[in-house]
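Student: Using the hints provided, position chain P relative to the given structure of chain A.
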Amino acid sequence: DAGITQSPRYKITETGRQVTLMCHQTWSHSYMFWYRQDLGHGLRLIYYSAAADITDKGEVSDGYVVSRSKTENFPLTLESATRSQTSVYFCASIRTGAATEAFFGQGTRLTVV
Amino acid sequence: QKEVEQDPGPLSVPEGAIVSLNCTYSNSAFQYFMWYRQYSRKGPELLMYTYSSGNKEDGRFTAQVDKSSKYISLFIRDSQPSDSATYLCAMKLEDKVIFGPGTSLSVIP
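Residue numbers (our numbering), protein chains in the order written: chain A, 0 to 112; chain P, 100 to 208.
Derived by calculation from the structure, the hints in this document are not laboratory data.
These stretches of chain A come out as covered by chain P in the derived footprint (C-beta under 8 Å, 3 or more residues):
(1) 25-34
(2) 41-48
(3) 104-112
None of these values were measured; they are calculated from a predicted model. Beta carbons: idealized from backbone N, C-alpha and C, even for Gly.
Only chain A is shown next, with the shape it has when bound in the complex (with noise of 0.2 Å):
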């Protein structure tokens, strides 16, 4: 099926492991974002990718590691997972830069214990 698409859509880790959430999307949109979503938050940039293997930071990247070797994959780390870190992530993806609607996965609700 044609989408984005995230996994686990929930998880549960202790802190100080590491975490990885997987976002994969089939339509080759270029660019791709990961956000997290906390009450009284909204959405915060994690990190986004304008194309494979371009990445920059978002507003609360600390904590967090990227990587795109391919255009339709775009995983986020968790390198040692905190209580902090409790939340719901957001993955998206926009055709273009030029394109304004991001299309979002269904979320991941990760806890941290």
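Tutor: Using the frame of chain A, we list chain P on its own:
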């Protein structure tokens, strides 16, 4: 100061009411202005977008942008219970899309 500010609500209105949702922003370089709607436990979906000052209408929804005041609004006429959701304003600058914190809206039958 945050780049995009939005009254978080929650906002509760009776069915049929006119709803006004607002955002202010600080960066005059923002190029596109969007409104997204997010239902519970779902990803946001684009509702409307505009790139110039003025009004844009789509059915019961009107998006308004005032670049001189750095202020955007979304009006919902004849609100319905199905409009109950979180509404996020968003602004695009080059490669980045920046979202406001969202306003939670409940339309009571």
